[in-house]
Amino acid sequence: DAGVIQSPRHEVTEMGQEVTLRCKPISGHNSLFWYRQTMMRGLELLIYFNNNVPIDDSGMPEDRFSAKMPNASFSTLKIQPSEPRDSAVYFCASSQGLAGVWWETQYFGPGTRLLVL
Amino acid sequence: DQQVKQNSPSLSVQEGRISILNCDYTNSMFDYFLWYKKYPAEGPTFLISISSIKDKNEDGRFTVFLNKSAKHLSLHIVPSQPGDSAVYFCAASGEAGNNRKLIWGLGTSLAVNP
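Going down the list, the protein sequences come from chains X and Y.
Each residue of the first sequence is one higher than the one before, counting from 16 in the numbering used here.
Each residue of the second sequence is one higher than the one before, counting from 13 in the numbering used here.
I should point out that these hints are in silico values taken from the structure, not numbers from a laboratory.
Ideal placement from N, C-alpha and C gives every residue a C-beta, glycine not left out.
Mixed in with the good hints there might be a few duds.
[What the hints assert, rightly or not] Label pairs and their calculated CB-CB ranges:
1. 119/X with 19/Y: 42 to 50 angstroms
2. 30/X with 68/Y: 46 to 54 angstroms
3. 42/X with 58/Y: 27 to 35 angstroms
4. 15/Y with 88/X: 37 to 45 angstroms
5. 59/X with 58/Y: 14 to 22 angstroms
6. 53/Y with 59/X: 16 to 24 angstroms
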């Protein structure tokens, strides 16, 4: 079985440009998570979805960040306009999202390394 | 403010010896704790977990100990192998009923020397 798939693996862009990160969760998983990893702050949860509905977006740093999950097999994280301080590794993770189960193993993708110049 | 703290950024041990990675937390509402392992250029992978109703959980060479009164947990790897060299993250959950949010430490980089 394929794991969580993220694209692109690396992205270099200039300040002010729009960046779109993509994620395909594991088939059958109903919960999807977007994380950002930096040296200073470690792994931070940006947003998570359950059954394609955003449940907690309190980690989204500001209005420049937006995330969508139009269907169970695809999600995007968009940064517009991008800034140098957005440079980080962005991970997508998925879990089964079983009803009534509040914690499950999260399976991570390989991440997208973003550099904003 | 970090609710989950891994105070040692790095640790180096000899192959065959014990590796002990430590994690402290501040939120008494946390009731589930996990360790993830991360290799370079890969995402974190789940390693072992423990519920607050237990004080020890063992899986092969990996054992996690939980001391609730001290708000401290540790991961023991015995014996350590070179393939265990990775970054280890401690994470905690349980802030709210159905919230699947995990709070993560900054990680400890373990180097196991042959």
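Okay, the hints, checked on the actual structure:
1. Restraint check, residue 119/X to residue 19/Y: a C-beta distance of roughly 28 angstroms breaks the suggested window 42 to 50 angstroms.
2. At roughly 50 angstroms, the beta carbons of residue 30/X and residue 68/Y sit within the given window of 46 to 54 angstroms.
3. Between residue 42/X and residue 58/Y the Cβ separation comes to about 18 angstroms, which falls outside the hinted range of 27 to 35 angstroms.
4. Between residue 15/Y and residue 88/X the beta carbon distance is about 33 angstroms. The supplied range of 37 to 45 angstroms is therefore violated.
5. About 18 angstroms separates the C-beta atoms of residue 59/X and residue 58/Y, a value consistent with the hinted range of 14 to 22 angstroms.
6. Against the hinted window of 16 to 24 angstroms, the Cβ-Cβ separation of residue 53/Y and residue 59/X comes to about 20 angstroms, which satisfies the hint.
Hint violations for this structure: numbers 1, 3 and 4, all remaining hints satisfied.
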